[in-house]
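Visitor: Construct all of the structure, not just a fragment, from the sequences and the given hints.
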Amino acid sequence: MDHILSWVVFLPITVIPILWLLPAKKAKWAALFITIVDFIVAIPLFMGFDKLKVGVDDIAGMQFKESLEWIPSLGIQYSLGVDGISITMILLTLIIGLVAVLASWNIDKLQRGYFAMFLVLQTAMLGVFVALDLILFYFFWEVMLFPMYFLIGVWGGPRRIYAAIKFFLYTLLGSVGMLLAIIAVWYYAPGGDRTFNIIELLHRVQEGGTFMGPDIFGMPFAKVVFVAFFIGFAIKVPIFPFHTWLPDAHVEAPTAISVILAGVLLKMGTYGFLRINFPMFPEVFVWFQDFLVALAVINIVYGALCALAQTDLKKMIAYSSVSHMGFVILGIAAGTAQGINGAVLQMFNHGTITAMLFLLVGVVYDRAHHRRIAGFGGLASVTPVYAAVTSIAFMAAIGLPGMSGFISELLILTGSFQVYQLPTIISGLGIILGAGYMLWAYQRVFFGKLNPDYKDLKEINFVELCSVVPLIIITVYLGILPNRIIVFFETSLNYLSDIL
Amino acid sequence: MTSTLPYLSYMPAHLIMGVAILVFFLAKAIPGLRNVSPAGIFVLVLIAAFVSELMMGLESKSLFFNMLQVDSFSRFYNQLFFVIIGITVLMMKNSDEMNRSIEWEVFGLLSTICLGMMMMTSATHLLMIVVGIELVSLPSYILVALNRRFSTSKEASLKYVLFGSFATGIMLYGISLLFGLTGTLQLKSLWSALAASPNFGSPIYYIAISMTLAGMTFKIAAVPFHFWCPDAYQAAPTPITAFLSVAPKVAGLALIMRFFSDHVPVQSEQLSTIISLIAMITMTLGNFAALRQKDIKRLLAYSSISHAGFLLMGIAVMNEVGRQYVFFYIVIYALMNMGAFMAIIYLSQSRNFEIKSFAGLIKSKPVMVVGFTICLFSLAGLPPFGGFVGKFYLFWVVIEKGFWALAVVAGINSVVSLYYYVGVIKTMIIDERDGDMPDFSNQSVVPIAFVLLCAIPIIFFGLYWNPLVDLSALVQMF
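Protein chains in written order, with the numbering used here: chain A, 1 to 500; chain B, 1 to 478.
Everything labelled a hint here was simulated from the structure, so no lab data went into it.
Please note: incorrect hints may appear among the correct ones.
[Stated by the list, open to error] Below are the DSSO-like pairs computed for lysine-lysine, each with C-alpha atoms no more than 30 Å apart in a straight line:
(1) K426/B <-> K223/A
(2) K26/A <-> K426/B
(3) K294/B <-> K166/A
(4) K426/B <-> K109/A
(5) K61/B <-> K159/B
(6) K401/B <-> K25/A
(7) K294/B <-> K109/A
(8) K109/A <-> K363/B
(9) K426/B <-> K166/A
(10) K356/B <-> K166/A
Guide: Here you go:
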């Protein structure tokens, strides 16, 4: 099939007009249908993907390429393609999208609007991971914002308006800087010929070209542009001190949107690092490396400490995301092959595991209408299946051997230990703290004396199980056979670690 | 002495507009005209003027001893004015704030403003510039005071008159200084004479230029001549506000571009600095003042101040490309601002323009609210809406010149502006309404169709803006 990437990206929004033809209650079926179809359409992508091609800065190595003139006067192209990094993220986005539709099953307010926004978001996320043109990338990146604003703002919790606008402003602030950086990169592209094509730019940098821009505010051009990109992506990850939007957005967002936020959106930041930011300025990256490691360690330890102090389950998981994304940064910052491979694996694993955690919190919130850890107790005796499923998810989040999280964290730590011993040791603390807050929370919610208010709590239902079980299977499967996913990206990433 | 009359054949639209002014002011004295719809005549006049400008092609000609210059630049802007005025007439028909008995006079005033704006886009002589500005200003004062029964209208109009005459006074003083420095009032010779004069770079040189600029910045409501703007916009009937927020502003920007177009290279850095400073202050002040507004018309007034600041970015670079992308953004700005005002005319009830009164309207008028939301997101400059592309090009020309400070200030400002636009969207879509929904049953569907007709090109240009780039490339001064 030709144009398979375009199909995968734009299929979700094609059903939006149909939503208004259906009864409001049936809108979710249309959304479920199209996410499943999208998945099926994408299967040839994964089957036909040539795992030995590098990609990254080699246009011949990008697969399923599509290219069309879009705005010829500026040389902006509608240019799509995938390499090992993007294909992994596409897989993650499709899985999470499907799970999130199931998690939205109980939405009862303005269903059509909800699923319309949801599908726009899905298209934008898929687009970010396949765009090879900076302007196209920026378009998808920004188009994500307004559906997200409405999804949090209309369907969220009590402080939703505050959380939604905070998310919106934070991300926009980062992306405006990124836009300026994109324009600057275009003007001072190495080799003279101006282009927005990411792969072409990376290729020229690899051939020894540099961005010959003038000093900006008395600082070297490359450093300023690097930092502008970095802040844009760092806000999305989020990296300390830009992380404060995350707990608010997570806590107020409806379950499905938390799942998407943690599962896919955060990965866009680190994807941006690997796709654009670091390989485009390899020299500045070396200059920045130590600082980046420090930020990663702060993320890991600070995130874990914050998680330990939370009384709200969802907020605890939100901070655990901050901590786990710190590992991704650490792996990338180390710049070794193992570190970067581990980082991308961790991106995938964190996506699936955290999605699971948010789904499970959503289950109990739907029934109890609160998420205070101290407000529960002894739930294991009323809802044994739920308790069992949750225990698996929590173990996965802790990084128990045999689960996927263990492999990726191990890879990252071995990778970074080769270059940064002390920071790696401190980061190990994050894992210990992680076990601490997870187990402690589990104990307070499921064991101990049964809170009499919840003696009739309903067991996890079929739809909810349908959304969680596939994720558990993935987690365990990749815990035992991690190579099944590593093969997709290792060629690309080994090359990337060489050039950084 | 040569006859100047043949020159008139180069400016048919001016002639048509001139005749229209006479007709409208004398209409009530002409028997038989009383029963004709004035709006119909006015729309015909606008169409005739539009077509006649279109027929003139892209030819460039200097007229009346270098007093006026007609070229593709002036023609495209004039055509834009006709369209905007046509939209204003449509708004008047759908607004409950207009007094039908004085329609003839209102159209007479609008034709006068239109003629003045056409002078502004063509003027190449400082005295013509003054005439053009005054021809726009004087009728505007009256239009703001159309709601005579309200004391706020009178206050706003008087404020407008005072600031206007003050600005013109400063401008005339500046012009006299320029004349004293160079001995000429023609823009073509003025700049080279200034560069050659012994006072080049001295305080008097800057004072003369800045003072002359005052009259023009007054028209675009740039800081520090913006104080009249929120009051006038709030007090005027909404269609007039919509008109004032776009057309005279565009004319003022066109005039500033014409004014600076003949500068010599040695001056470009100084002039860029002056305009950049005005741009930065204007957009920042406009935006931060907009944050506190509770009245939608005042909010859009401040937003239009900040947009003037953004548009000045394209002028600050002082080159042809910058001017073309100003035109590009102006077209999109006209679309989104007119769309937003039409939505306000439709959604607001009995002169209540508080943002609060729009709460929860998505439930009763979803299509209108979605159209309005698209206009607002576009004003905030988010992709995939046209406003983003406009801002993108302004950033683009500014970065080419290496004006990093201007680019960063503008970037921060577009983030700030998002907050208040989204505030309006939030009120309409997220907030619950306490109390009854307003009754829209007796309103026509024309405004809804119009807002959609604005929203669709906004999205189209946001995704595929080649046609507009090609059009802007034709807008050239010679």
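Visitor: A separate judgement is required for each hint: does it hold in the structure or not?
Guide: Tested hints:
At most 30 Å may separate the alpha-carbon atoms for a hinted pair to count; K426/B and K223/A exceed this at roughly 38 Å. Between K26/A and K426/B, the direct Cα distance comes to roughly 27 Å. Compliance with the 30 Å bound is thereby established for this hinted pair. At roughly 20 Å between alpha-carbon atoms, K294/B and K166/A fall within 30 Å of each other, so this suggested pair holds. Annotation: proposed proximity of K426/B to K109/A holds, straight-line Cα distance about 16 Å (limit 30 Å).
The hinted pair formed by K61/B and K159/B fails the criterion: a straight-line CA distance of about 39 Å is larger than 30 Å. With a C-alpha separation of about 55 Å, the suggested pair K401/B and K25/A falls outside the 30 Å cut-off, and the hint is violated. Restraint check for K294/B and K109/A: satisfied, since their Cα atoms lie roughly 29 Å apart, inside the 30 Å limit. Between K109/A and K363/B, the direct Cα distance comes to roughly 12 Å. Compliance with the 30 Å bound is thereby established for this hinted pair.
Between K426/B and K166/A the CA atoms are separated by roughly 13 Å; this keeps the pair inside 30 Å, and the hint holds. For the proposed pair K356/B and K166/A, the alpha carbon gap of about 21 Å is at most 30 Å, so the pair holds.
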